[in-house]
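If you read the protein sequences in the order shown, they are chains A and B.
Quick note: the first sequence uses our numbering, first residue 12, plus one each step.
Quick note: the second sequence uses our numbering, first residue 12, plus one each step.
Among the hints, erroneous ones may be present.
[Said to hold, decoys possible] Just some of the chain A residues that point at chain B, by a computed CB distance under 8 Å:
(1) Pro-65
(2) Ala-66
(3) Ile-69
(4) Ser-70
(5) His-105
(6) Asp-106
(7) Gln-330
Bear in mind the hints are in silico, worked out from the structure with no lab data behind them.
Beta carbons are placed, not taken as given, at the ideal position from N, Cα and C, and that holds for glycine.
Protein chains: 2
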Amino acid sequence: MPQPHIDVVGIGNAIVDVFAQADDDFLVKHAMNKGSMALIDETRAEAIYEAMGPAMEISGGSAANTTAGLASFGGRVAFIGKVKNDTLGHTFMHDIRAIGVGFDIAPASDGPSTARSYILVTPDGQRTMNTFLGAAQDLHPNDIDPDKIASAAITYLEGYLWDPKRAKEAFLKAAAAAHAAKRTVALTLSDSFCVDRWRDEFLNLMRNGTVDIVFANEAELKSLYQTADFDAAVVAVKKDIKLAVLTRSEKGCLVVSRNGTEAVRAFPIDKLVDTTGAGDLFAAGFLYGLARGKDHVSAARLGCLAAAEVIQHIGARPQTPLKALAAENGLTV
Amino acid sequence: MPQPHIDVVGIGNAIVDVFAQADDDFLVKHAMNKGSMALIDETRAEAIYEAMGPAMEISGGSAANTTAGLASFGGRVAFIGKVKNDTLGHTFMHDIRAIGVGFDIAPASDGPSTARSYILVTPDGQRTMNTFLGAAQDLHPNDIDPDKIASAAITYLEGYLWDPKRAKEAFLKAAAAAHAAKRTVALTLSDSFCVDRWRDEFLNLMRNGTVDIVFANEAELKSLYQTADFDAAVVAVKKDIKLAVLTRSEKGCLVVSRNGTEAVRAFPIDKLVDTTGAGDLFAAGFLYGLARGKDHVSAARLGCLAAAEVIQHIGARPQTPLKALAAENGLTV
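Produce the complete structure using the sequences and hints provided.
Have a look at this one:
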């Protein structure tokens, strides 16, 4: 097999985030599960937007954020996702290319509008997401170019892709193309409610070797194994996959492989502003380290650094170049 | 005359800001005057957007930001400006209403798209603005309802309105309606290059009593009187208008009236992030104080507080409720 040309190709929902501040009462009044992601239809999207406070629009999407983080570290990276040829779609395309991510999927000329997620940030920095998938759900297996997948050391997939039917097929096509080229496939479980919707299928993907690496936070891992006991879930995941990277917010992360479990501490922060993108940016740092031949602990440190940057401002993509930030903090990249 | 029903009506260009970080070299390469506002056409708008980094979209517009700040203090306030019935126009309308500003000008159904300003923020926190006026330049005298103007204690106008021809007529109609109802008219000079374009007309507005209060920063005041000597400009402005409120960045402000000149110190900040909106939010605090019967120094303190809030994050509108912030800092509102 030839050497990979790029570090990572990310595949996910192409979404523009619409951020507003809200208090806990707002979440209760609008029946939202704090800290989670809910899929909404256009009618509910309009109702939430009408009710929410003044907003700011920043490109998002889980795997898209991860590729943006990788580019900010200096990685060679591409993103695959679907927008419509509308104002928000142009915003998404501009922003992902401007940070240095390759993106060449043609926008849809008709059908639903570009996806948006209404993200309510509470005073504790937690975010609660309400996503209208729109054009993103029309990601099609035809959008997956096996040669592009083969050119990447790692193909990174978001669990959210399991919601739209054809995106799921695109996911499986990409994973097969990656393995045919002897590359690595990574999956993030995305959200505990997403895990609840697709638990058995996600477990199958891990157990049958469709994915080689899984990223999960505590809530997602507990949901996967339907247990309140994190330690028991760690024991379980160790049997199901070669490498599990488990994020634990301010407690840092665990890297679980057949060789053992290693803990890495979270990177210190001044002030928590908005947790949106924490998991996505952790994955960016970890994958960057991995693609560049670092050991797991060094890769996890890069992940913790990137997560710390993104939770100190509103928006799920880095505002400080991560390559420079890593150098300032004595982390070699 | 009946008592005013609202504190302030602001009239200005309705703009959505598109923020990106940039270095000084970017400004030089694209022939931008650091710290100023340039009017651009659609072709240049597209070229700048293409070249600039990943962005975030936040509603802006000078007088619009001021009304947003007034609403955040708890003021009763309305805004008059023109958007198109397009995605950015809906964003603008949502955001200004969501913060509590009355806005009922119908969006244009055809003509140019909603105005946007490409704002490059350099590492020193300075902002350089490139504005495509679009639909905003179609603000028409018919959009001015004399009864609404008469209902406001203060009518606040931005100097930028002097650029589009019909907006200028709308400005004069509003000022006449305010004075017919024995209300106060305030003007911000907006930008030193704007002053350079309209120096004689701005001086006439002040000298013939069309405006009662003028807001200016140091650069604008020096441009107005074509002098490098700030003190000489202060002497000059004192003869030309009843009340001049002069902002001086980290040096605070001067309130210049026929009774004398009072200095108020800037409010301390932790970190300068983005100066966009500093003058707009200063005006919000000052006008709120004035409309609620405070003395000039107390009003200026509210202005300094609001300016300090807005320069510590990206975006020209407050992210922290100013009423609560004032209370925390022992300022009565």
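Right, here's what the structure says about each hint:
1. Contact between Pro-65/A and chain B, as hinted, is supported at the beta carbon level, the nearest pair being about 4 Å apart and thus within 8 Å.
2. About 6 Å separates the beta-carbon of Ala-66/A from the nearest beta-carbon of chain B, less than 8 Å, and the hint is met.
3. Satisfaction of the interface hint for Ile-69/A is found here, the shortest Cβ-Cβ separation to chain B being roughly 4 Å, below the 8 Å cut-off.
4. For Ser-70/A, the interface hint holds, since its Cβ comes within 8 Å of a Cβ in chain B; the closest pair sits about 7 Å apart.
5. For His-105/A, the interface hint holds, the least distance from its beta-carbon to any beta-carbon of chain B being 6 Å, beneath 8 Å.
6. Interface hint at Asp-106/A: satisfied, since its Cβ lies 4 Å from the closest Cβ of chain B, which is below the 8 Å cut-off.
7. Because the closest C-beta pair between Gln-330/A and chain B is about 7 Å apart, less than 8 Å, the hint holds.
Every hint from the earlier list agrees with this structure, and none is contradicted.
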